[in-house]
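Peer 1: Listed below, chain by chain, are the residues.
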Amino acid sequence: MGKTLFDKVWDAHVVETIDGGPHVLYIDKHLIHEVTSPVAFLGLDNRGIKVFRPQHTVATPDHNVPTINQDLPIKDQLSKMQVDKLTENTTNHGITLYGLNHPYQGVVHVIGPELGITQPGMTIVCGDSHTATHGAFGSVAFGIGTSEVEMVLATQCIMQPKPKKMRITVTGKLGKGVTAKDLILYIISKISASGGTGYFIEYAGEAFTSLSMEGRMTVCNMSIECGARGGLIAPDETTFEYLKGREFSPKGAAWDKKLAYWKTLYSDKDAVFDKEIMFDAANIEPQITYGTNPGMGMGITQTVPVQTDVTYKKALEYMKVEAGKPIINTPVDYVFVGSCTNGRIEDLRQFANAVKGKKKAGHVTVWIVPGSKQVEKQAIEEGLDKILAEAGIALRQPGCSACLAMNDDKVPEGKLAVATSNRNFEGRQGPGSRTMLASPLTAAAVAIAGKIVDPR
Amino acid sequence: MSIDKFTTIKTPCVPIAIENVDTDQIIPARFLKATERKGFGDNLFRDWRYDKNNQPIALFPLNNPKYSGKILVGGKNFGSGSSREHAAWAIYDYGFKVVVSSFFADIFKGNALNNGLLPVQVSESFLQELFAEIEKNPDTEVEVNLEKQLVQIASTGRKETFEINSYKKECLLKGYDDIDYLLSIKNKIENYEKTRL
Ligand code: SF4
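Heads up: the protein sequence lines correspond to chains A and B, in order.
Counting from 1, one number per residue, gives the positions in the first sequence under this note's numbering.
Counting from 457, one number per residue, gives the positions in the second sequence under this note's numbering.
Some clues are possibly wrong.
[What the hints assert, rightly or not] Calculated pairs, PhoX-like style, for lysine-lysine (alpha carbon to alpha carbon, straight line, at most 25 Å):
1. Lys508/B / Lys314/A
2. Lys644/B / Lys162/A
3. Lys263/A / Lys650/B
4. Lys313/A / Lys190/A
5. Lys313/A / Lys592/B
Because the hints were derived from the structure by calculation, they are not lab data.
Working from the sequences, and respecting the hints, build out all of it.
Peer 2: Take a look at the structure:
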């Protein structure tokens, strides 16, 4: 029987299988940031051991950093302490750090791919659930907890039961004004916030293969929002083209050798998945979420579904939306474009193109946060910052920002934000804040109109 | 560092009868700024437990004196969202030893097990019966026996077996953690690395 893409990558990394238990899985690349790593380093110190393979770990501060005045000392003392700890720990253990103001700093899941650290066929982990992003390259990438961060630092391995396999096939191409973000929000709304739990998803079909690498990353990024450990897409010419010439991509003969291997990374025709789901791209319109988990989403022209259970009612109450009513024309207070879901250059381009020559609505606060230093630099080189400025919008500095609101970028209580990030949980963007998830194109249309509108 | 051993427990429960309790509710991001693993229990369910003036919200089960015990009972899809292990730390630090639900998010389940917090997955009907019993009598006790993989509602006698992989079960019964194990097979890991060159 043939193997799935996931099997090929996973099986090649199994060091040992424990009877009735997990696999010992070897990790090729480990990304760390300031929030989920300090306790892991503390664990190593308590055991009196050093990092086993420091060259396989890369560090950057992102979750907690300010997005203005990054050259000044961080004002929040607790945030500063975490960022300083990351510097101290990486120095002690000989780990590469792209610290604040370094030209490679940025959100972990944005810098890995843009530096060519992320490659097909790798196992990649990070103490952040959106590590699934790297699956866009045909790697097995997933988020881990701090105990597991410690395991990787100590032994370059973690212990994991092998997930089941699901394939989601979407036939046809996306329509005008419909983006990768809409595609994944649509899928999550159909299979629910827990529909993927226990599975690793492979995305297949023209809707995915016709996407750019940026778009594929947006899709894989949100795999965790349907409960899946990760999602991946078989590498193809688009992948290889993207990787060519990047800082840490293989070069010369090493490239040829890797490329030959990468071309073997696809699901065999006779491979069997534990579950298969099919959708048609023609049915997908721009999406928006109305509730308090990413599964509570719908086409932007639809009406909020009617359901009677307590949890559902509580969510609508929190969001101040009404079952059976449309949400189009709802006034919006904040627009956030950024995060590892939609903070890449293509997202900023889409947003800037859509607001070009227009002005943002007076009452709307707009935060545009590039995913990395390199994205910021590129945006400025392309003059996107000027287009934004003419629309009354400032380009901020890289970090996770309002995606999880650990820094000062918090949406105030009761205010409604349209965000291109990945979670609309209660208070995710600040205590009492309300979030509707959408694409950068929808976010642009909303920023101009000051209310929920169809970007088409 | 090893984890606390777990064998059996019999205690009343604290019910949170809501589905999709995500890790941002269990411990909001703004409380993740510590560089040590201490005191997270104080901020467990912070925004459901306290109002914006930091006053306890009387109706929330953690603040309601009629509920006590070392078992937290949550609705379906408990622990979804972020990979923050702080969620498991906060629940454990608060004093819970077990979380019962009809469905757990994968990462949360792994994090819980790595910290000696036992996730017990039961059927939806068992869960609903348990919620109803606690509603009737908040002192309703539940017994969890890890060796037998058995969970039982004392008042009705309803019992169910629950799943746990035999390796993790052994770790919890003996208080071992995964790092001890991985460090003990370092030779194997080095040999594996040689095959990958
Ligand atoms: S942008 Fe959001 S989801 Fe992405 S790494 Fe940062 S906090 Fe996590």
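Peer 1: If a hint holds in the structure, say so; if it doesn't, say that too.
Peer 2: Hint by hint, here is what the structure shows:
no., hint, result
1, Lys508/B / Lys314/A, "holds (19 Å)"
2, Lys644/B / Lys162/A, "holds (20 Å)"
3, Lys263/A / Lys650/B, "holds (23 Å)"
4, Lys313/A / Lys190/A, "holds (19 Å)"
5, Lys313/A / Lys592/B, "holds (24 Å)"
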